[in-house]
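2 protein chains.
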Amino acid sequence: MGLFNKDIKTFDDLLLHGLQDIYYAEQQIVKALPKLIEKATNRDLTKGLKDHLEETKNQITRLDQAFKKLGQNPNGIKCPAIDGLIEEGDEIAGEIADKEVLDAAIVGAAQSVEHYEIARYGTLIAWAESIGHDDIVRFLTTNLNEEKAADRKLSTVALRKGVNRKAAS
Amino acid sequence: MGLFNKDIKTFDDLLLHGLQDIYYAEQQIVKALPKLIEKATNRDLTKGLKDHLEETKNQITRLDQAFKKLGQNPNGIKCPAIDGLIEEGDEIAGEIADKEVLDAAIVGAAQSVEHYEIARYGTLIAWAESIGHDDIVRFLTTNLNEEKAADRKLSTVALRKGVNRKAAS
Numbered sequence: 000m001g002l003f004n005k006d007i008k009t010f011d012d013l014l015l016h017g018l019q020d021i022y023y024a025e026q027q028i029v030k031a032l033p034k035l036i037e038k039a040t041n042r043d044l045t046k047g048l049k050d051h052l053e054e055t056k057n058q059i060t061r062l063d064q065a066f067k068k069l070g071q072n073p074n075g076i077k078c079p080a081i082d083g084l085i086e087e088g089d090e091i092a093g094e095i096a097d098k099e100v101l102d103a104a105i106v107g108a109a110q111s112v113e114h115y116e117i118a119r120y121g122t123l124i125a126w127a128e129s130i131g132h133d134d135i136v137r138f139l140t141t142n143l144n145e146e147k148a149a150d151r152k153l154s155t156v157a158l159r160k161g162v163n164r165k166a167a168s
Numbered sequence: 000m001g002l003f004n005k006d007i008k009t010f011d012d013l014l015l016h017g018l019q020d021i022y023y024a025e026q027q028i029v030k031a032l033p034k035l036i037e038k039a040t041n042r043d044l045t046k047g048l049k050d051h052l053e054e055t056k057n058q059i060t061r062l063d064q065a066f067k068k069l070g071q072n073p074n075g076i077k078c079p080a081i082d083g084l085i086e087e088g089d090e091i092a093g094e095i096a097d098k099e100v101l102d103a104a105i106v107g108a109a110q111s112v113e114h115y116e117i118a119r120y121g122t123l124i125a126w127a128e129s130i131g132h133d134d135i136v137r138f139l140t141t142n143l144n145e146e147k148a149a150d151r152k153l154s155t156v157a158l159r160k161g162v163n164r165k166a167a168s
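Heads up: the protein sequence lines correspond to chains A and R, in order.
Counting from 1, position 169 in the first sequence corresponds to residue 168 in numbering that gives the first Met the number 0; the numbering is continuous, with no gaps.
Counting from 1, position 92 in the second sequence corresponds to residue 91 in numbering that gives the first Met the number 0; the numbering is continuous, with no gaps.
These are computed hints drawn from the structure, not numbers from a lab.
Check each hint, because a few of them may be wrong.
If several chains are the same, the list does not tell them apart, and a pair holds so long as it fits within one copy or across any two.
[Unchecked claim] Calculated cross-link-like contacts (lysine-lysine; reagent style PhoX-like; alpha-carbon spacing at most 25 Å): (1) Lys152 - Lys68; (2) Lys34 - Lys77; (3) Lys8 - Lys147; (4) Lys46 - Lys77; (5) Lys34 - Lys67; (6) Lys77 - Lys165; (7) Lys152 - Lys77; (8) Lys68 - Lys165; (9) Lys49 - Lys67; (10) Lys8 - Lys98; (11) Lys68 - Lys49; (12) Lys56 - Lys98; (13) Lys8 - Lys165; (14) Lys56 - Lys46; (15) Lys34 - Lys8; (16) Lys8 - Lys160; (17) Lys165 - Lys56; (18) Lys56 - Lys8; (19) Lys30 - Lys8; (20) Lys34 - Lys68; (21) Lys30 - Lys56.
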């Protein structure tokens, strides 16, 4: 949730902070994904990560629109959670020599990031609904549905496209 | 996933590392939950967090058994992701003066931790299944189901037990 929490006085402040948190997170993900794409070898995994990189850029545009609806400039706030999640992914991508074990680790790292976003968007949607920001709910719901689909695709890659089978063999 | 990733050579190593990661995470959660329980005011939220603290202790016992099945001593590895998630929760708990806005923020922080665990247990179960560790799959599935139930209870507290409504009023 980042710094400056002492500025959070109202539920609207909390929603704005949450948006700034996920805005920062999405930007860090755009920077982090190319490194994972470069390290991945399974073709379905590489394609899935590339597709999600493009989706993430569109998600940032939707967040820009959500800030606009609140009359605020889009702005990220450093968030230790996503930094930690990405740090884990980077460590893995740098340190595992076996390509097939690395692919399995990359799927796991990517799914932990997806779940962070699923949690955050779920919370933000509940908050925006309570306040009555229906237009913001719509932007966030589109992003949430994309994150859930990305998570399901990663499970498919791991379980049916051979990532885990090859890592185990 | 913590340090020492250069020791990950096989899929078994990756599974062991994942277990060490979630073992550390569960232990940090046991330390962090009492602080959130102390700060929360909504009675259903406090009860839910207290119940989950007890569940988490049982989950650690199940992880002890999973390590035993692998012939390993239970051991945690510092994991930047859970540290970042808990740091966010601590910051929020320390900095928001309005009790009802704070309750809503605590639900959000707790759900982001739940989703981290849901992601990790999901990944670990898939890995353990691929390797053929059916007994470990059972322990981890029990933990996963508890995390999913805890996440659903937090949504209920936020949406139907008045946390978000009061924060918005």
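For each hint, the structure was consulted:
no. : hint           : result
1   : Lys152 - Lys68 : neither (32 Å within a copy, 31 Å between copies)
2   : Lys34 - Lys77  : both (20 Å within a copy, 23 Å between copies)
3   : Lys8 - Lys147  : neither (31 Å within a copy, 31 Å between copies)
4   : Lys46 - Lys77  : neither (29 Å within a copy, 31 Å between copies)
5   : Lys34 - Lys67  : neither (31 Å within a copy, 36 Å between copies)
6   : Lys77 - Lys165 : neither (37 Å within a copy, 28 Å between copies)
7   : Lys152 - Lys77 : neither (28 Å within a copy, 29 Å between copies)
8   : Lys68 - Lys165 : between (48 Å within a copy, 23 Å between copies)
9   : Lys49 - Lys67  : neither (28 Å within a copy, 39 Å between copies)
10  : Lys8 - Lys98   : between (49 Å within a copy, 10 Å between copies)
11  : Lys68 - Lys49  : neither (30 Å within a copy, 38 Å between copies)
12  : Lys56 - Lys98  : neither (28 Å within a copy, 36 Å between copies)
13  : Lys8 - Lys165  : between (52 Å within a copy, 14 Å between copies)
14  : Lys56 - Lys46  : within (16 Å within a copy, 40 Å between copies)
15  : Lys34 - Lys8   : between (39 Å within a copy, 20 Å between copies)
16  : Lys8 - Lys160  : between (48 Å within a copy, 21 Å between copies)
17  : Lys165 - Lys56 : neither (31 Å within a copy, 35 Å between copies)
18  : Lys56 - Lys8   : neither (31 Å within a copy, 34 Å between copies)
19  : Lys30 - Lys8   : neither (32 Å within a copy, 27 Å between copies)
20  : Lys34 - Lys68  : neither (33 Å within a copy, 35 Å between copies)
21  : Lys30 - Lys56  : within (11 Å within a copy, 37 Å between copies)
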